[in-house]
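Each protein sequence line maps, in turn, to chains A and B.
Heads up: the first sequence begins at 1 in my numbering, then just goes up one per residue.
Heads up: the second sequence begins at 1001 in my numbering, then just goes up one per residue.
Mixed in with the good hints there might be a few duds.
As the list claims (entries may be wrong) - Only some residues are given here: those of chain A computed to face chain B with a beta carbon under 7 Å:
{"#": "1", "residue": "Leu184"}
{"#": "2", "residue": "Gly186"}
{"#": "3", "residue": "Lys247"}
{"#": "4", "residue": "Ile250"}
{"#": "5", "residue": "Ala251"}
{"#": "6", "residue": "Leu287"}
{"#": "7", "residue": "Gly290"}
{"#": "8", "residue": "Leu332"}
{"#": "9", "residue": "Met335"}
{"#": "10", "residue": "Ala336"}
{"#": "11", "residue": "Leu341"}
Claimed, not checked - The following label-pair restraints were derived from C-beta to C-beta distances:
{"#": "12", "chain 1": "A", "residue 1": "Phe26", "chain 2": "B", "residue 2": "Lys1154", "range": "27 to 35 Å"}
{"#": "13", "chain 1": "A", "residue 1": "Asn256", "chain 2": "B", "residue 2": "Gln1208", "range": "27 to 35 Å"}
{"#": "14", "chain 1": "B", "residue 1": "Glu1160", "chain 2": "A", "residue 2": "Met202", "range": "48 to 56 Å"}
{"#": "15", "chain 1": "A", "residue 1": "Pro270", "chain 2": "B", "residue 2": "Asn1090", "range": "20 to 28 Å"}
{"#": "16", "chain 1": "A", "residue 1": "Lys51", "chain 2": "B", "residue 2": "Arg1126", "range": "24 to 32 Å"}
{"#": "17", "chain 1": "A", "residue 1": "Leu150", "chain 2": "B", "residue 2": "Phe1031", "range": "43 to 51 Å"}
{"#": "18", "chain 1": "A", "residue 1": "Arg72", "chain 2": "B", "residue 2": "Arg1126", "range": "52 to 60 Å"}
{"#": "19", "chain 1": "B", "residue 1": "Arg1126", "chain 2": "A", "residue 2": "Pro151", "range": "48 to 56 Å"}
{"#": "20", "chain 1": "A", "residue 1": "Ile196", "chain 2": "B", "residue 2": "Lys1154", "range": "48 to 56 Å"}
{"#": "21", "chain 1": "B", "residue 1": "Ser1109", "chain 2": "A", "residue 2": "Met202", "range": "56 to 64 Å"}
{"#": "22", "chain 1": "A", "residue 1": "Phe26", "chain 2": "B", "residue 2": "Lys1211", "range": "28 to 36 Å"}
{"#": "23", "chain 1": "B", "residue 1": "Pro1469", "chain 2": "A", "residue 2": "Asn256", "range": "57 to 65 Å"}
What the hints assert, rightly or not - Straight-line C-alpha distance at most 35 Å; calculated DSBU-like pairs for lysine-lysine:
{"#": "24", "chain 1": "B", "residue 1": "Lys1578", "chain 2": "B", "residue 2": "Lys1596"}
{"#": "25", "chain 1": "A", "residue 1": "Lys51", "chain 2": "B", "residue 2": "Lys1154"}
{"#": "26", "chain 1": "A", "residue 1": "Lys262", "chain 2": "B", "residue 2": "Lys1047"}
{"#": "27", "chain 1": "B", "residue 1": "Lys1119", "chain 2": "A", "residue 2": "Lys211"}
Derived by calculation from the structure, the hints in this document are not laboratory data.
Positions of the beta carbon are idealized from the N, C-alpha and C atoms, including for glycine.
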Amino acid sequence: MQTLFKNIKGDRLIWAIVALLAIVSFLPVYSAASNLAYKGGGSNTFAFFVKHFMHLFLGFAIMYGVHKIPYRYFKGLSLIMIPVVLVLLAITMMQGTVIDGANASRWIQIPIVGMSFQTSTLAAVVLMVYVARYMSKIKDKKITFKESVLPLWLPAFLVLALILPSNFSTTAIIFLMVIVLVFLGGYPLRYLAVIIGSGLLMLTMFILVAKAFPDAMPNRVDTWMSRIESFSNAEDTEADYQIEKAKIAIASGGINGVGPGKSRQKNFLPQSSSDFIFAIIIEEYGLIGGLFVMVLYMWLLFRIVIAAQKADTVFGKLLVLGVGLPIVFQALINMAVAVELFPVTGQTLPLISSGGTSIWMTCLALGIILSVSAKREEIKEKEENIEENPLEILSETI
Amino acid sequence: MAVNEKNILNRLYFIAGCMFVFGLAVVFKLFSIQFLQGEKYKALAEKRVVKDVVIPANRGNVYSVNGNLLATSIPKYDIRIDALTPSAKNFTKYLKPLADSLSKFTGKSSAFYQKELRKARANKNRYYLLVRNVGYTDYTRIRNFPLLSLGAFKGGLIVEQTTKREHPMGGIAQRTIGYERVDEKGNVTRPGIDGAFGVKYLRGVDGQRKKQRIGKGQWKPLRDANEIEPKDGYDVYTTIDVNIQDIAHHALLEQLEKYKADHGCVVVMETKTGEIRAISNLGRNKNGRYYERLNYAVGESHESGSTFKLMALAAAFEDKLVDTSDVVDTEKGIITYYGKKVRDSKWGGYGKISIARAFEVSSNTGIVKAIDKAYRKQPEKFVDRLYDMNLNSDLNLPIIGEPKPIIPDPRVKNGRWSGIALQWMAYGYGVSFTPLQTLTFYNAVANNGVMVKPRFLREVREFDRVVEPFKEEVINNEICSKQTVAKLQALLKNVVEKEHGTGHRLYSENFSMAGKTGTCQKDYSNKEKLNYISSFAGYFPAENPKYSCIVVIHEPDKSVGYYGADVSGPVFKRIAQKIFTDTPIVDEIETLNVKKSSVEKEYEGYYQLAQTYKTIMPNVVGLPAMDAVALLENMNVNIKVKLQGSGIVKKQSINKNIKLKDNQTIVLIAS
Chain A
1 MQTLFKNIKG DRLIWAIVAL LAIVSFLPVY SAASNLAYKG GGSNTFAFFV KHFMHLFLGF
61 AIMYGVHKIP YRYFKGLSLI MIPVVLVLLA ITMMQGTVID GANASRWIQI PIVGMSFQTS
121 TLAAVVLMVY VARYMSKIKD KKITFKESVL PLWLPAFLVL ALILPSNFST TAIIFLMVIV
181 LVFLGGYPLR YLAVIIGSGL LMLTMFILVA KAFPDAMPNR VDTWMSRIES FSNAEDTEAD
241 YQIEKAKIAI ASGGINGVGP GKSRQKNFLP QSSSDFIFAI IIEEYGLIGG LFVMVLYMWL
301 LFRIVIAAQK ADTVFGKLLV LGVGLPIVFQ ALINMAVAVE LFPVTGQTLP LISSGGTSIW
361 MTCLALGIIL SVSAKREEIK EKEENIEENP LEILSETI
Chain B
1001 MAVNEKNILN RLYFIAGCMF VFGLAVVFKL FSIQFLQGEK YKALAEKRVV KDVVIPANRG
1061 NVYSVNGNLL ATSIPKYDIR IDALTPSAKN FTKYLKPLAD SLSKFTGKSS AFYQKELRKA
1121 RANKNRYYLL VRNVGYTDYT RIRNFPLLSL GAFKGGLIVE QTTKREHPMG GIAQRTIGYE
1181 RVDEKGNVTR PGIDGAFGVK YLRGVDGQRK KQRIGKGQWK PLRDANEIEP KDGYDVYTTI
1241 DVNIQDIAHH ALLEQLEKYK ADHGCVVVME TKTGEIRAIS NLGRNKNGRY YERLNYAVGE
1301 SHESGSTFKL MALAAAFEDK LVDTSDVVDT EKGIITYYGK KVRDSKWGGY GKISIARAFE
1361 VSSNTGIVKA IDKAYRKQPE KFVDRLYDMN LNSDLNLPII GEPKPIIPDP RVKNGRWSGI
1421 ALQWMAYGYG VSFTPLQTLT FYNAVANNGV MVKPRFLREV REFDRVVEPF KEEVINNEIC
1481 SKQTVAKLQA LLKNVVEKEH GTGHRLYSEN FSMAGKTGTC QKDYSNKEKL NYISSFAGYF
1541 PAENPKYSCI VVIHEPDKSV GYYGADVSGP VFKRIAQKIF TDTPIVDEIE TLNVKKSSVE
1601 KEYEGYYQLA QTYKTIMPNV VGLPAMDAVA LLENMNVNIK VKLQGSGIVK KQSINKNIKL
1661 KDNQTIVLIA S
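The following block holds chain B by itself, in its conformation from the complex (with noise of 0.2 Å):
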């Protein structure tokens, strides 16, 4: 196989040939990737490598009128471990003592952490959950156990912060302060003031930042500065007010579950503003548990009732065809309009009355028949009437959900009316209305004519700068002339303050108080389903009212009762009532420093002595001990004064008119 220099040399010569064109075509592929393929790759570059990071804007606060935080956002960690990343020593060096801290921590056995500990090292559990959603000092607490504070490279430690909306004052109010919720299918859905001025001035506006990633799943500031700067949400001061709130919820919630009710609501207004100062509306469960459900004060509509004689009347007063002193025959109780009746809660009817007491007992017959008598030639002319008063339009609230509401108008086609429309109307069937847009008729009562828009929030502000303040908006400056206004008012008043009115047993000496009890029959056409709605609505003090209010209970348990009177009338009692111990009516109050004539004398007494004994003993015994020793020490000797016992002085260890030494003690014997 004889080889020689030439033979290797050429052979060398292909073999280092064919390496120089493997050379060759790695620096064609270099020279492809770069430029052919390299637009692609730094795009790639930039999509791998590169991320913009949100930075969510802290949603501002909600607080109620007299600054109470009523909604916030507050970061909540949930901890993991990786089970895998703690080495085997540290694993089993620090396992016992982290399952103790833990266990210390949820109250679970130490022994249940161990295994479970072990378990998720074995199973590869690189995401193992130790707790959901805890608080941050509860975060730093955990964060130090054993093994865990090791960090996330030694330890495992992983930890996951999330926003959660938080309520500080838990239930009250829920509803209406409202949340903003995103489920997974990226639907919204927005109740209450949260939810209504959320987008507008609560969300603030997400800032971004690029990252880079560094490996490891961990990412790092491109710049130092965020490319967007995130800008925090505004906080929305409401007209809410926590104390009223309280009183509100409270008292609803007390009248609901003593009459097993479906659901209620309750909803106070300040009178010349317009402002919200409480809104509660609570559901029952299926436990039977009542909580903020609905917000049933904007969103349900139903038919008042007798609350809508007030509207009927009001109507009637204006266009001059009732007055409050015309008389009218409630014939026993029962009138009948083409075949349908109207009937009176009293069996038998109440006679001839005058409108303003068939008002005052709400009497249905009554009420109808006015109405009928002053309208059956001309509905169109109620109907406009009710129109002026702006009964047919809604409030047009931020909160979401209010339905119109409904009066039937014979020019309309749309099935509402018929030939028993007017009648129905006057007292409060065929239409409907929410809570809220009730209130805000009775509330233009309270307020002389002049109809505010009911409004939930006072101002927006960023820290200390209002952004956007609210100014009260006038839907109508004058819904009736000044003399029904007054008519109106003084039937109110008459409903509480008379004998026979139906809202008597509300009745306080000590404060006043002016309504409208409604007693609304619902699912009438059903008679095994008939059920109630007990409604009040009105305001206090009846003169100069600062507050009006309406309770509406849905479906109150009819064996405990079911009148406006007793089921809704006493949530406004109470509401009233605690709201003007906190404002009382009488601002002055004649001085408590009454003077009493023993204590003067007492001190008459003790001052003539204290003028004449100065370094001489007086004569104590008889007097208050405490007294005594006040008398001797402020002598000008300076002497000690034992006292024995309390109470008047017995005896005195020094007898009277000596002379008195410094540096002396005095013991007095009192009993």
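Chain A with its partners taken away, still in its complex shape (with noise of 0.2 Å):
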């Protein structure tokens, strides 16, 4: 154990909340599994319990090997990951896994393991790393639009575009997220204009295709719209009854919260222990819970900022920026729904929902942060003559 924590390097801070996290974790993924083993015949609440508990094991082995790896391995590792990914996702989507006549093939099985894994969460990773390191690789020329197309947008748009007729809302977080990573990576602002002009265009093009050809294609389309239409107006859908059911979970958790294991509303939220998890949070530990929860994400997302202030390179600090982000802005679209604020959308809460995928890519994103900054402190650990600002000192320790 000593040795374990000699060997943890990074933002210890980061460490910390990610803990923080996954233990909260357990509290309401048990609770909602009593009701995913009701319905899926059996008795057995604690098989949910070991399940979520290997995902996390095994998502902070990934994060713990990945924080070892010098960071600046990950520039060639994207370059060789990027084919891979955009085979992976066409495999994906061919295998056309059909929810009520709709596209949903979202998961990939994984040979001899026999566990389902949704590759466009991997997809976004790499895909942010390449951004990341491309930014940085140009960091100093004067590019035209049309010298960055190739580089950049074209294995951007590849990986979007087979991800977004199964998953709209993915498609979207990863699309702005490029969007955001570029803009802090100095991309001019009327080229983004083009890109995110050209970004809606093809969207809109998709749409009018499958709407045209509905059968050319199994599509989600005709779900997003509903969705989209079912948040706008006050028809009753049936996302209209998972956001009742949130509400109602979230107003009957009140300050205190009904107490552990005693929500009402996972026996009736869909995905209570992914999509909705901050839902069932809440009614079981009110409004405390709830914010507690936010704290950790807002804390995350000072952390990042900080490891990302004091990477030694730039790219360094996009890579931390690059796969920080979206954890935290996934986050944030997860509770916005859970409240109503955004349509709903399949976004899980990242490492606190169950889901082997979700949890692996965040500690992979994690551990590439962490990697990051324990590549600081080596830099920081020879450099012990600098003096020391006080203000520094003050970051580093909250």
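Take each chain as given, in its own frame, and dock them per the hints.
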């Protein structure tokens, strides 16, 4: 144990926040498990507990392993991974899992292990690293739009195009995150406008094609439409049902919550242990619990910003932000859905929601961040003689 | 595009700031849901998640006077299958076995079920009906059929339980036992006893239990105990005697079928207490079959015809205006009042006869003339006397639908009174009573003038505890003087006993009856439609009556017969006869052990032999074989007797007077 702790590098506070989130996650996941077990016809809720524990354990193993890798290697890795990810995405799309006649192929079976894996989540991390690499590569150059199309936007749009038919919200978030990252990387704003414009144009075209030839390929356009419609109008739809249950859960939680495991809405909220877990947390632990989780994510955001500040290279900075901001952003989206600030999407609450892929990819991203901050520590150790700025000490500790 | 760290950081602060604001927005929305909309959603939570489930109280049973079940509630099951729930593997595996089992159960072919179930699955039918309305035993059987035995979540079994009211005695007295039925619009129909006492006794109080939804359409109880415990309904013990009811039902049915009558009813009432022992109402349906349709006995008021002559004479006797021995001229069978004719059924009339005889032969002219003479000047007096005998009020029965009797009154301007009202009333026209109202009067005569209210209930019980006993209710302690009652009783007895009586065909040496026939025209305003109501009201035995009874049969086929004595009388007789065999008038019978001399003699001989021979072989030739065996086996030596044949012993293997030894075998040959 002692040696393990010694070997832990990087921002200790990020480690702490992640550990806290992981510990917190057990409560709602285990609570929501009772309903899953009941619906599954089994009676073993502990199996869900063990499964979640295994997911987290593996996640921490990934995080630990990744943070030991010097972050400069990620440049090369991302180059290799982009084609791999594209192939995986293509395979995922081809296998064509269908939910209610709509394409919902987000998962790929890992051979041998027998687990399923959400490829888009991996693709997001890889793409962000790739973009960070590109942006840092061109940091000193003045580039034209044309120059950036092939190495930057082509892979990005390819990835997005492969995810879009099955998962609009993830596509949108990745797109937004890529935009944010290139914005941070100093990409000219007028080019950005072009990109956003063309992105919207492509989306519109996709929707039009999907509408015009509904049988050409299974897609979820109708689902998105209905979800967005239900968000904007007052009619009762399935999404409204989910949101209503979520709001009931939040309202019945009150300030202190109804207590661990006593949630009622977990029985009716679909995806109570993933998409709507925030509502369950509030129902069981009240406003206090909800705010605690919110504070943890905000704190994580703060630590990511600090880690970016301190990163020794531009690549390091962009890397930390590229993989770090999506975690917090996704968390915010998830919470926003629960409080009806946002239409219903299938975004999980990173680290808290059950589900292997989400946890592992979050851990992968955190591992990358920690790897960057570990590098900084190394440098710092070498430069012990640098005078200490009191503000810096403060920001190191909170 | 030179990017420096400052540049990145500035942009980063902007982005981080945006995210922080987003976070704040989430928190703000969170607060707003909790504090601004909190109450609304909390209420919604209760509404969506918690419901009050009514636990229906068990409806009480209805019993006969002897404790037989007349109406009870039993659970029935509808069994359905969710054809989508079973996995494809299970479905294919169990389809044939399930279809086979169902086929065995219902008799439809297995192929039919296989086809239907496949179709249900293809059509995504999640509610396919397998069987309806099966009892508990069948339900447990079907539950264990292949596939269904996997349960609701794997096998798709859907079971819906309902409670059905059953009448274990079948169609007998169904209308009087009754039921409570609610149609889709929420209108309740409550005929019969079940209906009348449903709300007050049988129904009980429904319980209530809060249940919380736990997804998948399942609800779990919120607390251990029910919020309101259901209170089961009380049991109602009626006065109906199943045996008498059965007799009455079948006697009436037989007669209705014989005369192809439209409908009819029978009521048997215990004289002293007014308890209704049997009430049968049979009406014909389109196919000419009879079943309990309406409660005619309680609800159908009709002109009485000749049965009312008893009431008319009762009034006249009581007013001392007419006496049995008064002589009246029947005037060749036709008397005209204001141009309307009163006719006798016998062509040419009966000549000059006494009032008693006029009643016994049911002479319309005789009775009408006597009443006319007595009350012509003072019809109010006649009506008042009828009122005094409580003939104008209904019986205030718990069973709904009893109309009030109709008696024309000269003082009441309702169009019923006319110049001939009194005369017509005298022989039962213009007045209207239900069979039960008529019977109540006849019963009062049988009961020496004490009019008791007919009643259907003996007591209301909760298990063994009597909640409410029902005592007999006296309507009128003395409807008329003792002398009048005696006269009326004599008249009624003579109707059956005297050879000239209209009811003489019912006469039997073995038991006595008293009663009055009634043949009343119905729809007489239109000759085409003219029909009859044949009735017979009376009681039995004639002395110390135990039961009174009325039989009313509407619209018998005229070609077969329509006189009260022919149509209704036999029903009355059959009931009386059958009840009599159950309750003989003579309680004591001389001993059946009449000594027969030959038997006596044989026994004497046997006894003599048994006393004399203990170890020495007697002569048993000529004795009955069974006696011989018994004799030998009871001797003081252990011998074996072998008997060949039966009857009288012809030969014995050991001669008489030989000393017998233990374990010796004697062979007897009998023929």
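So, going through the hints one by one against the coordinates:
Checking Leu184(A) against chain B by beta carbon gives a least distance of about 5 Å; that is within 7 Å, so the hint holds. A cut of 7 Å between beta carbons decides the hint on Gly186(A): the least distance to chain B is about 4 Å, and the hint holds. Among the interface hints, the one on Lys247(A) holds; its C-beta lies about 5 Å from the nearest C-beta in chain B, closer than the 7 Å criterion. Hint status for Ile250(A): holds, given a least beta-carbon distance of 5 Å to chain B, under 7 Å.
Taken as an interface hint, Ala251(A) checks out: its beta carbon lies about 3 Å from the nearest beta carbon of chain B, inside 7 Å. Here the hint on Leu287(A) is kept, as its CB sits about 6 Å from the closest CB of chain B, short of 7 Å. About 6 Å separates the beta-carbon of Gly290(A) from the nearest beta-carbon of chain B, less than 7 Å, and the hint is met. Hint status for Leu332(A): holds, given a least beta-carbon distance of 5 Å to chain B, under 7 Å.
This hint holds: Met335(A) has a C-beta 5 Å from the nearest C-beta of chain B, less than the 7 Å allowed. With 7 Å as the threshold, the beta carbon of Ala336(A) comes within range of chain B, its nearest partner Cβ sitting at about 5 Å, so the hint holds. For Leu341(A), the interface hint holds, the least distance from its beta-carbon to any beta-carbon of chain B being 5 Å, beneath 7 Å. Checked against the given bound of 27 to 35 Å, the beta carbons of Phe26(A) and Lys1154(B), roughly 30 Å apart, stay inside it.
One distance hint, 27 to 35 Å for the beta-carbon pair Asn256(A) and Gln1208(B), holds here, with the actual separation near 30 Å. Look at Glu1160(B) against Met202(A): about 53 Å separates their beta carbons, and that is inside 48 to 56 Å. Hint check: Pro270(A) to Asn1090(B), Cβ distance near 25 Å, so the stated range 20 to 28 Å holds. With their beta carbons about 30 Å apart, Lys51(A) and Arg1126(B) fall inside the hinted range of 24 to 32 Å.
Checked against the hint of 43 to 51 Å, the pair Leu150(A) and Phe1031(B) passes, with Cβ atoms roughly 48 Å apart. Taking 52 to 60 Å as the suggested C-beta distance range, the pair Arg72(A) and Arg1126(B) conforms, at roughly 59 Å. In this structure the supplied range 48 to 56 Å holds for Arg1126(B) paired with Pro151(A), their Cβ-Cβ distance being about 54 Å. Distance hint for Ile196(A) and Lys1154(B): a CB-CB separation of about 51 Å, consistent with the stated range 48 to 56 Å.
Between Ser1109(B) and Met202(A), the C-beta spacing of about 60 Å keeps the proposed range 56 to 64 Å intact. Distance hint check for Phe26(A) and Lys1211(B): the Cβ-Cβ separation is about 30 Å, which falls inside the suggested range of 28 to 36 Å. Taken as a hint, the range 57 to 65 Å holds for the pair Pro1469(B) and Asn256(A), whose Cβ atoms sit roughly 60 Å apart. Proposed proximity of Lys1578(B) and Lys1596(B) is supported: the alpha carbons are some 33 Å apart, at most 35 Å.
For the proposed pair Lys51(A) and Lys1154(B), the alpha carbon gap of about 24 Å is at most 35 Å, so the pair holds. Taking the CA atoms of Lys262(A) and Lys1047(B), the gap is near 18 Å; set against the 35 Å cutoff, the hint holds. Between the alpha carbons of Lys1119(B) and Lys211(A) the distance comes to roughly 32 Å, so the proposed pair stays at or under 35 Å and holds.
Comparing the model with each earlier hint shows no violations; every hint is respected.
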